[in-house]
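Between the sequences and the hints, there should be enough to build the whole structure, so can you do that?
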Amino acid sequence: MPMVSARTTQKLALACIWGTGAVTLLILLVIIGYVMVQGVSNISWSFLTTPPKGGMSGEGGISTVIVCTLYLIGLTMAIVVPLGVGAAIYLSEYAPDNRLTSLIRYGTDVLAGVPSIVFGLFGFALFVMALHFSFSILSGALTLACLLLPTLIRASEEALRAVPRSHREAALALGATKWQTVWRVLLPAALPGIATGIILCIGRGIGETACLFVTMGGTSAMPTSLLSGGRTLSMHLLHLVLDTNAFEKALATGVVLIIVIGVINAMTNWLSQRFRARMTGGA
Amino acid sequence: MEAKIEARKFSFYYGKRQALKEVSLTVGEHQITALIGPSGCGKSTFLRALNRMNDIIPGARAEGEVVLDGQNIYAPGVDVVDLRKRVGMVFQQPNPFPKTIFENVAFGPRVLGLDGKLSMDEVVEKSLRSAALWDEVKDVLNKSGLALSGGQQQRLCIARALATEPEVLLMDEPCSALDPQSTLRIEQLMEELKQRYTIVIVTHNMQQAARVSDWTGFLLLGDLIEYGKTAELFSRPQDKRTEDYITGRFG
Chain A
32 MPMVSARTTQ KLALACIWGT GAVTLLILLV IIGYVMVQGV SNISWSFLTT
82 PPKGGMSGEG GISTVIVCTL YLIGLTMAIV VPLGVGAAIY LSEYAPDNRL
132 TSLIRYGTDV LAGVPSIVFG LFGFALFVMA LHFSFSILSG ALTLACLLLP
182 TLIRASEEAL RAVPRSHREA ALALGATKWQ TVWRVLLPAA LPGIATGIIL
232 CIGRGIGETA CLFVTMGGTS AMPTSLLSGG RTLSMHLLHL VLDTNAFEKA
282 LATGVVLIIV IGVINAMTNW LSQRFRARMT GGA
Chain B
7 MEAKIEARKF SFYYGKRQAL KEVSLTVGEH QITALIGPSG CGKSTFLRAL
57 NRMNDIIPGA RAEGEVVLDG QNIYAPGVDV VDLRKRVGMV FQQPNPFPKT
107 IFENVAFGPR VLGLDGKLSM DEVVEKSLRS AALWDEVKDV LNKSGLALSG
157 GQQQRLCIAR ALATEPEVLL MDEPCSALDP QSTLRIEQLM EELKQRYTIV
207 IVTHNMQQAA RVSDWTGFLL LGDLIEYGKT AELFSRPQDK RTEDYITGRF
257 G
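So the protein lines, in turn, are chains A and B.
Under the numbering used here, the residue at position 114 of the first sequence is numbered 145, and the numbers go up by one with no gaps.
Under the numbering used here, the residue at position 227 of the second sequence is numbered 233, and the numbers go up by one with no gaps.
Treat each hint with caution, since some may be false.
[Stated by the list, open to error] A short list of chain B residues far from chain A (calculated; beta carbon distances all over 12 Å):
{"id": "1", "residue": "Arg14"}
{"id": "2", "residue": "Ser30"}
{"id": "3", "residue": "Ala68"}
{"id": "4", "residue": "Asn110"}
{"id": "5", "residue": "Arg166"}
{"id": "6", "residue": "Leu190"}
{"id": "7", "residue": "Met212"}
{"id": "8", "residue": "Gly234"}
{"id": "9", "residue": "Glu249"}
{"id": "10", "residue": "Thr253"}
[Said to hold, decoys possible] Subject to a maximum C-alpha distance of 16 Å in a straight line, what follows is the list of computed EDC-like cross-link-like pairs (lysine to aspartate or glutamate):
{"id": "11", "chain 1": "A", "residue 1": "Lys209", "chain 2": "B", "residue 2": "Asp88"}
{"id": "12", "chain 1": "B", "residue 1": "Lys144", "chain 2": "B", "residue 2": "Asp121"}
{"id": "13", "chain 1": "B", "residue 1": "Lys27", "chain 2": "B", "residue 2": "Glu69"}
{"id": "14", "chain 1": "B", "residue 1": "Lys15", "chain 2": "B", "residue 2": "Glu35"}
{"id": "15", "chain 1": "B", "residue 1": "Lys91", "chain 2": "B", "residue 2": "Glu173"}
{"id": "16", "chain 1": "A", "residue 1": "Lys209", "chain 2": "B", "residue 2": "Asp61"}
{"id": "17", "chain 1": "B", "residue 1": "Lys27", "chain 2": "B", "residue 2": "Asp85"}
{"id": "18", "chain 1": "B", "residue 1": "Lys132", "chain 2": "B", "residue 2": "Glu171"}
{"id": "19", "chain 1": "B", "residue 1": "Lys123", "chain 2": "B", "residue 2": "Glu142"}
{"id": "20", "chain 1": "A", "residue 1": "Lys209", "chain 2": "B", "residue 2": "Asp85"}
{"id": "21", "chain 1": "B", "residue 1": "Lys235", "chain 2": "B", "residue 2": "Asp245"}
{"id": "22", "chain 1": "B", "residue 1": "Lys91", "chain 2": "A", "residue 2": "Asp128"}
None of these hints come from the bench; they were simulated from the model.
Note that beta-carbon positions come from the ideal geometry of N, C-alpha and C, so glycine has one too.
Pasting the structure below:
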């Protein structure tokens, strides 16, 4: 009765896959739902627009923290996107297939797996101390850039490699130079993959705490320049949970954090679609 | 017949493997020259050597000369971008860019720059008319090129290649991915295009070579076994191996 058994396995497999999918979704919903339900009621206009009072009370809002988070992510992305995509273009289109290239690739893979606090130590030693950027958004952004660069390079390289060879050949056969091929054909085609990489990087960057405490200090004052110290939403959340009793404020901060990530992701997608449309002429 | 392209003792290597062995062959201007032979005989390699598309393959190396209008295209200092502007190419699989129909055709003029005589709209219309696609797409120029049928996509690729005003059009098995109807369409098109362009086509379809071409070359394991007028080569092959191949004894 092999037919029946094959059918049973099929059903069993389907049930398992369904099960795993459902469990994953459930966990996700429970976490986000818990934070949302518990946190939303604690969000008010004044919570969003007043700075934290500081100290152990946990009083006050999160205005300065939101501003600092946006500054940090903006600056980090301004550094990491051109560098990462540029390096990916070099690796996938220009680098010769030799030992050095595979060494670079291996190095990127290893760096992508190094714990962030190690990058924090490096950032502290180089940017904070040696370069005298002290505890600042600049130091934090440079450190985050180092941390995220390998991830973005590999994501972008994969996206570029996935563009069919026939596109490259078609462009070259039409008399396009290598750079025109990269700019007009490969980048637009790879853009969705690159955007996914950028979104992953933003998510990871926003979630970092330890490596930022040692490079940005963690002051809750409103940043006045990129050389001001600062505290991101995640850092503030950690502080609220560990050092204060203001658990409801921590939950509210969590909600804001989730919303900020959602908004940034939507913006990245929108930008990448706009950019792609401009580069490809609408299709 | 006026010579457009002349290969002189042209050999080609992929690393250590020799894909072409001292091939000498003359392509006549405004003629359709077909290259036939079993898989791996070097016909595509030869075709791609005519606009130096093989340059992008690591370890590839050429010996001998390919002369286009009196100039060896493998001479040092030859600008491949300039060469590819003069020698256009259509590939086996239709490969339109994921762009609009308009932008697909405009790609070449955009990267090379318009010569100023025609506007971009005019160039696109002219090229699509030459590729016998204009009437089918004139109202949907802003639709993606990928939304077209396979046969239309291939004609779009021909229009794209024509938009740079090449002198020679290389076609690498342009119908192998198409249905008979679309194949017929492309073959009729080639007949029209040969008035203005020199065409070299690689095909594994002997009937197609016999139907469309003026000259045919038969390659086997990198050697040019026989080259002559299509009618003669198919009716009175000089070489036993040619005869065996065209009568379907191997390949």
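Evaluation of the provided hints:
no., hint, result
1, Arg14, "holds (23 Å)"
2, Ser30, "holds (25 Å)"
3, Ala68, "holds (17 Å)"
4, Asn110, "violated (9 Å)"
5, Arg166, "violated (7 Å)"
6, Leu190, "holds (24 Å)"
7, Met212, "holds (26 Å)"
8, Gly234, "holds (29 Å)"
9, Glu249, "holds (35 Å)"
10, Thr253, "holds (34 Å)"
11, Lys209/A x Asp88/B, "holds (13 Å)"
12, Lys144/B x Asp121/B, "violated (23 Å)"
13, Lys27/B x Glu69/B, "holds (9 Å)"
14, Lys15/B x Glu35/B, "violated (20 Å)"
15, Lys91/B x Glu173/B, "holds (9 Å)"
16, Lys209/A x Asp61/B, "holds (12 Å)"
17, Lys27/B x Asp85/B, "violated (25 Å)"
18, Lys132/B x Glu171/B, "holds (11 Å)"
19, Lys123/B x Glu142/B, "violated (26 Å)"
20, Lys209/A x Asp85/B, "holds (13 Å)"
21, Lys235/B x Asp245/B, "holds (14 Å)"
22, Lys91/B x Asp128/A, "violated (29 Å)"
Violated hints, listed in ascending order, are 4, 5, 12, 14, 17, 19 and 22; each of the other numbered hints is respected by the structure.
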